[in-house]
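**Student:** Please arrange chain Z on chain D, whose structure you already have, making use of the hints.
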Amino acid sequence: MVQPEQADARQPVLAVRDITKTYGGVRALSDVSLELMPGEVHCLAGENGCGKSTLIKIISGAERPDRGEIVIDGVAHPAMDPAGAIRSGIQVIYQDFSLFPNLTVAENITLTSAVADGKRLYSAAALRPAADRIVAELGLDLDLDADVERLTVADRQLTAICRALVHEARVIIMDEPTTALTHSEVARLFALVERLRDRGVALVFVSHKLDEVLEVSQRVTILRSGRHVVTAAAGELSPAAIAHHMTGREINEERVVSALPIDAPTVLDVRELNLAGAFEDVTFSLRRGEILGVTGLLGSGRTEIAEALFGITRPDSGTVHVDGAPLTGHRIEDAVRAGIGYVPEDRLTQGLFLEKSIADNIIAGSLDRHRSRSRLLDRARVRSTIQSLFERLKVKAPNTRAVVRSLSGGNAQRVVIAKWLATQPKVLMLNGPTVGVDVGSKAEILEILRNEAERGMGVIVISDDAPELVSCCHRVLIVRRGRIVHELAGDDVTVSRIQDRMAA
Amino acid sequence: MTSKTDDRTATPMEGIDDRYQSLLRRVHVDRTTGRMLLLTVLTFGLFAALNPRVFLNPLNLQNIAVAAPEIGVLAIAMMLAMLTGGIDLSLVAIANLSAITISMTYTAVAKDDPGLAESLMPLLALEGVLVGVAAGAVNGLLVSRVGITPILATLGTMQVFNGIAVAWTGGSTLYGLPQSLADLGMSTVGGVPVLFLVFLLVAVATGLFVARTPAGLRAQLQGANPVAAKFSGIESSSVLMRTYTVAGALGGLAGVLFIARNPTASADYGASYVLLVIVIAVLGGTNPAGGFATVAGVVLATLTLQVLASGFTAMRLSAYEYAIAQGVILIVVMVTDQVRWRRRRGPRRSAPSDAAVPPNSHQTLNSGRQS
Numbered sequence: 077m078v079q080p081e082q083a084d085a086r087q088p089v090l091a092v093r094d095i096t097k098t099y100g101g102v103r104a105l106s107d108v109s110l111e112l113m114p115g116e117v118h119c120l121a122g123e124n125g126c127g128k129s130t131l132i133k134i135i136s137g138a139e140r141p142d143r144g145e146i147v148i149d150g151v152a153h154p155a156m157d158p159a160g161a162i163r164s165g166i167q168v169i170y171q172d173f174s175l176f177p178n179l180t181v182a183e184n185i186t187l188t189s190a191v192a193d194g195k196r197l198y199s200a201a202a203l204r205p206a207a208d209r210i211v212a213e214l215g216l217d218l219d220l221d222a223d224v225e226r227l228t229v230a231d232r233q234l235t236a237i238c239r240a241l242v243h244e245a246r247v248i249i250m251d252e253p254t255t256a257l258t259h260s261e262v263a264r265l266f267a268l269v270e271r272l273r274d275r276g277v278a279l280v281f282v283s284h285k286l287d288e289v290l291e292v293s294q295r296v297t298i299l300r301s302g303r304h305v306v307t308a309a310a311g312e313l314s315p316a317a318i319a320h321h322m323t324g325r326e327i328n329e330e331r332v333v334s335a336l337p338i339d340a341p342t343v344l345d346v347r348e349l350n351l352a353g354a355f356e357d358v359t360f361s362l363r364r365g366e367i368l369g370v371t372g373l374l375g376s377g378r379t380e381i382a383e384a385l386f387g388i389t390r391p392d393s394g395t396v397h398v399d400g401a402p403l404t405g406h407r408i409e410d411a412v413r414a415g416i417g418y419v420p421e422d423r424l425t426q427g428l429f430l431e432k433s434i435a436d437n438i439i440a441g442s443l444d445r446h447r448s449r450s451r452l453l454d455r456a457r458v459r460s461t462i463q464s465l466f467e468r469l470k471v472k473a474p475n476t477r478a479v480v481r482s483l484s485g486g487n488a489q490r491v492v493i494a495k496w497l498a499t500q501p502k503v504l505m506l507n508g509p510t511v512g513v514d515v516g517s518k519a520e521i522l523e524i525l526r527n528e529a530e531r532g533m534g535v536i537v538i539s540d541d542a543p544e545l546v547s548c549c550h551r552v553l554i555v556r557r558g559r560i561v562h563e564l565a566g567d568d569v570t571v572s573r574i575q576d577r578m579a580a
Numbered sequence: 070m071t072s073k074t075d076d077r078t079a080t081p082m083e084g085i086d087d088r089y090q091s092l093l094r095r096v097h098v099d100r101t102t103g104r105m106l107l108l109t110v111l112t113f114g115l116f117a118a119l120n121p122r123v124f125l126n127p128l129n130l131q132n133i134a135v136a137a138p139e140i141g142v143l144a145i146a147m148m149l150a151m152l153t154g155g156i157d158l159s160l161v162a163i164a165n166l167s168a169i170t171i172s173m174t175y176t177a178v179a180k181d182d183p184g185l186a187e188s189l190m191p192l193l194a195l196e197g198v199l200v201g202v203a204a205g206a207v208n209g210l211l212v213s214r215v216g217i218t219p220i221l222a223t224l225g226t227m228q229v230f231n232g233i234a235v236a237w238t239g240g241s242t243l244y245g246l247p248q249s250l251a252d253l254g255m256s257t258v259g260g261v262p263v264l265f266l267v268f269l270l271v272a273v274a275t276g277l278f279v280a281r282t283p284a285g286l287r288a289q290l291q292g293a294n295p296v297a298a299k300f301s302g303i304e305s306s307s308v309l310m311r312t313y314t315v316a317g318a319l320g321g322l323a324g325v326l327f328i329a330r331n332p333t334a335s336a337d338y339g340a341s342y343v344l345l346v347i348v349i350a351v352l353g354g355t356n357p358a359g360g361f362a363t364v365a366g367v368v369l370a371t372l373t374l375q376v377l378a379s380g381f382t383a384m385r386l387s388a389y390e391y392a393i394a395q396g397v398i399l400i401v402v403m404v405t406d407q408v409r410w411r412r413r414r415g416p417r418r419s420a421p422s423d424a425a426v427p428p429n430s431h432q433t434l435n436s437g438r439q440s
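Read top to bottom, the protein sequences are chains D and Z.
Taking our numbering, the leading residue of the first sequence gets 77, the next gets one more, and so forth.
Taking our numbering, the leading residue of the second sequence gets 70, the next gets one more, and so forth.
Next up, chain D with everything else stripped away, as it sits in the complex:
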């Protein structure tokens, strides 16, 4: 038992002291300490594998620490258990939100607390007022009767936050809360965060989006390789300093774009592409060696345009030419045959065969290219394609037979990119190429795109990460309500211009 010293607001609502956790000989955390004050937003930052997930699991009771203690309201515990953590007011909102897609918002908000209270019968009518109250208190515009599967990512997140508050949460830990949100949704989330702070809730943001981290947090704690590096007031750390603390090295986010030859031929030409309800009159072209950014808010049509070009949806009208030849057919196979590749936003379900080896994933899109005359796969050529891409993209894994599930976000993304490079595409579209990728890997992935563009490929980067677009794109198209409303080129490509035009 720790004696409450000054029994006032300055007592941390939650503290962990000297936590050490080892997994089979590998130290995930060494002597990590963290204090959370009521009404504080505390950012927990670090690259993938730095131990932040482990620390959250220990706080939420999913894992037991080997050493150290967890102090809640001055009472020290050697370890938490999940039910105890919830009773103590600790709530974790994971990236996937753990919602029931087929239930309504109201049901999702109240169901788990009804279960936690040991209610044997569920009554929607009895629980509805609780959901109403939370939504009203937070001043949210959330349709309680909508099925969660129909909600936008941002609204699902709000649902998860409401659910946490029904449990009387005093500490809310959010894993990557902003990665799936657009600029304006992030602003809405941060407004809500301020209201939560007024209620005395302490929030922990686990993130690697640096600019946003600084905007909303009071304090920042950075972990690296399982060790505590620094805890400081957010204002005292520059983005460069944070990146440096996270990676242990200098990260360059400068704008680096090659000079395009004046006579670089057009590789993709899109004319008056229309799809009712998604986008209209989309016209643009892409030159060989060029990296073109496409940005806009979620639902602006940025993703829909890419999906139509890739044959996932069928546009109502318009023409697409790849290297001068018209794109015929509107299936994915047709797009791939024409030389278009697409790295989807949802890497885990759409991009990767998680249980398959790196080798199988890399070759998945180009099987027919590796057929010998006997109609069997030409194993020697398959092996050399896989090995050369594995080395060219510097995938960090013991060998190409490692299962993709074991890879970090950045390495998994390299595998998806390798799959498309194996098809030798003329145009590669990437949707959110560095979502869920740590800072160090992010710079390297952008460097990969620059290199591949220089080999003569046209690259389209769809993203709402303005610094990323500035860092690598020759031009940036801004999409609003299904239309391309601005085109920025050359020195006009700046973070502030992109953000202004996007949200306008």
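No lab work stands behind these hints: they were computed from the structure.
What you are looking at is a predicted structure, and each value in this text was computed from that prediction instead of being measured.
Using N, Cα and C, we set each Cβ at its ideal position, and we do this for glycine too.
A few of these clues could be false.
Calculated lysine-lysine pairs in the DSSO-like style (CA-CA distance at most 30 Å, straight line) [to be verified]:
no., chain 1, residue 1, chain 2, residue 2
1, D, Lys470, Z, Lys299
2, D, Lys472, Z, Lys299
3, D, Lys502, D, Lys470
4, D, Lys502, Z, Lys299
5, D, Lys472, D, Lys502
The following residues of chain Z were derived to be distant from chain D, with all beta-carbon distances above 12 Å [as the list claims (entries may be wrong)]:
no., residue
6, Val110
7, Leu111
8, Leu115
9, Leu189
10, Leu199
11, Gly216
12, Met255
13, Leu377
14, Leu386
Covered stretches of chain Z, going by a simulated chain D footprint (3 or more residues, C-beta under 8 Å) [claimed, not checked]:
no., region
15, 285-293
16, 300-309
**Tutor:** Relative to the frame of chain D, chain Z by itself:
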């Protein structure tokens, strides 16, 4: 490029010479097949020890080798359907329809010209396989174009094919078939029954298809993650169409084996085979959720189950007790795979963000880096 995985090679071995690694890979049989081989030998040893006089009798061993092929070919067909994440319940009904069609055609031709009917043997066998192709194509259409869940689509076609067979034969057993086909069912090459050689040929061809052809790899990928397959430009409808058609063709071939061995055809032959071939496919390392399968494992599992059946007979146990044993095996295999999966995945819960993705397979999951 196969679905083979192997713990040892996946652990970090940066320091080890590449050539040593490839040697290791070639010598080291993959885990599932290795486990299966051990099980086959143990089962054989058990019954050989319990009742050597009956069990080790050459006639009994010959019987195993003659009875295994039809089941083995059906199990390989089941494995293909499971590889894409589906199942084919209609296989036994297709096999019976194939056998019945052969017998009916023979009888019809033999009524006018017995000599001609006899000489048509190869064409009749081909006819049986084509019946399978047609039936498999129906399954393929339902699953790939219409988009019906495989288990329901093939449950429906199983009833239809079976119903056609019963209505056509009036429920009676047919005896008409070319003598040369019946002779083939009894002949041996170097002591090995011809039927068994057919089985091995099918196994080798399917093994090549799955691991070495673009179409086979597409089937694996389709089963491993249909969404990612679509996003990789793999046309799922053609993959499924092809797989169910090939499975149907193998079902038709199994019908040829049925009639060659017995030598009769009837609508209700092999009623217990549906469960049996599912047990064999899963025991042989096929992941029922799709994406992973090895033909070698399925061949060994076929032999194990056949040895078990023959051993039960040698021990004077009934067919019902054999049915119980099949069910127990299926459940034990699933349980051990689940346990193994949990133990392997357990220590890796520290993995970042993507650990939240739910598991969808169990079999050849390679956890690799536990150390």
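**Student:** Next, verify each hint and record whether it holds.
**Tutor:** Checked hints:
1. Lys470/D / Lys299/Z: holds, 26 Å
2. Lys472/D / Lys299/Z: Holds. Lys472/D to Lys299/Z sits at ~26 Å (cutoff 30 Å).
3. Lys502/D / Lys470/D: holds, 22 Å
4. Lys502/D / Lys299/Z: holds, 20 Å
5. Lys472/D / Lys502/D: Judged against 30 Å, a Cα distance of about 26 Å means the pair holds.
6. Val110: The claim stands: Val110/Z keeps its Cβ more than 12 Å from every Cβ of chain D (closest is about 28 Å).
7. Leu111: Label holds. Min Cβ-Cβ 29 Å, cutoff 12 Å.
8. Leu115: The assertion about Leu115/Z holds, with a minimum of 34 Å to chain D.
9. Leu189: holds, 31 Å
10. Leu199: holds, 22 Å
11. Gly216: holds, 16 Å
12. Met255: Given a closest Cβ separation of 35 Å, the condition holds.
13. Leu377: Label holds. Min Cβ-Cβ 30 Å, cutoff 12 Å.
14. Leu386: holds, 39 Å
15. 285-293: holds (count 5)
16. 300-309: holds (count 5)
Checked against the numbered hints above, the structure violates none of them.
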